[in-house]
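S.K.: Sequence:
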Amino acid sequence: MLRDGDDLERRIEKLGRINAALIERLDHYDKTRGSAWSLFQAALALEKEVAARNRDLERALADLSQKNHELAAARLAAEEANRSKTRFLRAASHDLLQPLSAARLFLSNLAMMELGIDQTDLVKRLGNAFESVEELIRAVLDISRLDSQRIEFNRKAVSLDALFDRLRVEFEAPAAARGLRLRFVRSSLAVDSDPVFLRRIAQNLVSNAIKYTEAGGLLIGARRRGGQAWLEVHDTGIGIAAEDRDQIFAEFHRLGQDGSGEPGMGLGLSIVKRACAKLGHPIELESEPGRGSLFRIGLEIVARNASVRKTGARHHPDRNRLRGLQALIVEDNAAMRHGYAVTLRNNWGMRTHVVDGTAGARAAVTELGLQPDLILADYHLRGSDTGLRTITVLRDLSGAEIPAVVVTAHRNAAMVRSCARHGIRVLEKPIQPEDLRHALLRLVEERTEGGIP
Numbered sequence: 003m004l005r006d007g008d009d010l011e012r013r014i015e016k017l018g019r020i021n022a023a024l025i026e027r028l029d030h031y032d033k034t035r036g037s038a039w040s041l042f043q044a045a046l047a048l049e050k051e052v053a054a055r056n057r058d059l060e061r062a063l064a065d066l067s068q069k070n071h072e073l074a075a076a077r078l079a080a081e082e083a084n085r086s087k088t089r090f091l092r093a094a095s096h097d098l099l100q101p102l103s104a105a106r107l108f109l110s111n112l113a114m115m116e117l118g119i120d121q122t123d124l125v126k127r128l129g130n131a132f133e134s135v136e137e138l139i140r141a142v143l144d145i146s147r148l149d150s151q152r153i154e155f156n157r158k159a160v161s162l163d164a165l166f167d168r169l170r171v172e173f174e175a176p177a178a179a180r181g182l183r184l185r186f187v188r189s190s191l192a193v194d195s196d197p198v199f200l201r202r203i204a205q206n207l208v209s210n211a212i213k214y215t216e217a218g219g220l221l222i223g224a225r226r227r228g229g230q231a232w233l234e235v236h237d238t239g240i241g242i243a244a245e246d247r248d249q250i251f252a253e254f255h256r257l258g259q260d261g262s263g264e265p266g267m268g269l270g271l272s273i274v275k276r277a278c279a280k281l282g283h284p285i286e287l288e289s290e291p292g293r294g295s296l297f298r299i300g301l302e303i304v305a306r307n308a309s310v311r312k313t314g315a316r317h318h319p320d321r322n323r324l325r326g327l328q329a330l331i332v333e334d335n336a337a338m339r340h341g342y343a344v345t346l347r348n349n350w351g352m353r354t355h356v357v358d359g360t361a362g363a364r365a366a367v368t369e370l371g372l373q374p375d376l377i378l379a380d381y382h383l384r385g386s387d388t389g390l391r392t393i394t395v396l397r398d399l400s401g402a403e404i405p406a407v408v409v410t411a412h413r414n415a416a417m418v419r420s421c422a423r424h425g426i427r428v429l430e431k432p433i434q435p436e437d438l439r440h441a442l443l444r445l446v447e448e449r450t451e452g453g454i455p
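Count along the sequence shown starting at 1, add 2, and that's the number in my numbering.
Take these hints with a grain of salt, some might be off.
Taking lysine-lysine pairs in the DSS-like style, the calculated list, with each CA pair at most 30 angstroms apart, reads [to be verified]: (1) K50 / K69; (2) K158 / K280; (3) K275 / K158.
For the record, the hints were derived by calculation from the structure and aren't laboratory data.
Taking the hints into account, I'd like the entire structure generated from these sequences.
M.R.: Structure (structure tokens):
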């Protein structure tokens with residue numbers, strides 16, 4: 003600051019410092035103004051960039067919304083297509099299984115007749131052809147059911163010993179035809195599963211083992227391990243190489259295409275894997291090429307002391323117990339009615355009366371005085387009529403729990419539960435005559451055990 007008393011040099015010195023301070027301030031101001039301007043310019047550019055990116059984002063969101071709509075529409079279309087496929091398979095299977103089941107019954111009657119060598123061979127070949135078609139239809143239906151999101155299982159305690167008995171009856175002849183030993187280890191265990199699908203799993207494993215075993219045999223049993231019962235199927239077959247062990251569970255994958263084994267359709271193990279996944283049953287596989295294979299299915303034990311019949315005293319119902327019994331056949335398909343009637347009369351000596359629905363059954367009882375010992379009814383009759391309705395109506399009319407079997411091409415858990423509540427057995431088409439006879443014999447046995455003469 004200049005003072006009046008300052009001399010000239012002092013004044014010059016102060017003015018120099020003031021001038022330098024002013025210049026420094028001006029420089030700083032210019033720098034600040036330049037920086038602010040740059041920031042302003044950068045802000046404008048950033049604002050433009052943000053606006054551009056917002057427009058891009060809006061376009062992307064619009065595209066995503068459109069894609070989501072398209073995906074939702076595609077999903078709905080796929081779900082409807084799947085429902086249509088299921089409806090088609092159900093309808094087609096019913097239409098296919100009806101004549102196949104009738105043909106199977108007619109063939110069983112033909113096989114009981116005295117035939118020449120050529121005719122016997124022809125009947126056998128026809129039976130094998132029908133079995134192949136039935137196996138394919140059954141496999142397609144199983145896969146369709148297991149792929150359905152709405153599948154319901156009828157889980158209950160399943161006796162492994164009873165399962166082994168059914169498998170023995172079913173596979174003794176095929177194993178013997180190939181010169182194989184078929185051995186079952188009896189079990190006192192009962193496990194938690196769906197009895198129909200567990201039987202299908204075991205059937206596919208045993209059938210597969212027989213196909214790929216050329217010498218030796220099979221051993222089927224159950225082993226307790228880790229708190230579970232492991233259903234085991236051992237064979238002395240061709241074995242499975244390590245690189246094939248994942249592939250064998252794929253559809254239509256078949257071993258033995260080089261001429262070894264007896265290739266099938268390649269669907270059996272796929273069904274095993276799908277069914278086990280749905281039921282929560284773990285699968286294990288051990289195998290060595292040329293030395294055989296071992297498949298294990300893990301099952302939860304629900305009872306450990308189920309009654310077991312000794313091998314030497316194995317129980318077989320007297321097949322003549324059906325002779326003379328009166329059977330009421332309820333079936334809306336003429337060929338099936340005739341097939342049932344001929345089989346029950348000619349093969350097992352039963353008396354039969356056939357009707358096509360509930361109205362006919364009611365008339366037979368009330369007007370003709372029919373008193374059936376057994377009822378054999380198809381579940382799906384004409385319109386809304388069902389075999390279950392027929393059975394309940396006849397039981398009400400007679401005031402007795404008439405033993406009954408329902409046959410169906412469309413098994414589902416709700417229907418099985420409804421039949422179980424009424425004490426009615428359920429058989430699936432295509433029906434095997436031996437399965438039908440076994441079911442009828444069991445009804446007669448239970449009827450006798452219940453004190454009914």
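S.K.: Take a quick look at whether K50 and K69 sit within 30 angstroms of each other, Cα to Cα.
M.R.: holds (28 angstroms)
S.K.: Under the criterion that the straight-line Cα-Cα distance not exceed 30 angstroms, is the pair K158, K280 satisfied?
M.R.: Roughly 15 angstroms between the alpha carbons, so the hint for K158 and K280 holds.
S.K.: Quickly compare the C-alpha distance for K275 and K158 to 30 angstroms and report which way the hint goes.
M.R.: With Cα atoms ~20 angstroms apart, K275 and K158 stay inside 30 angstroms; holds.
Violation of the numbered hints given earlier is absent; every hint is satisfied by the structure.
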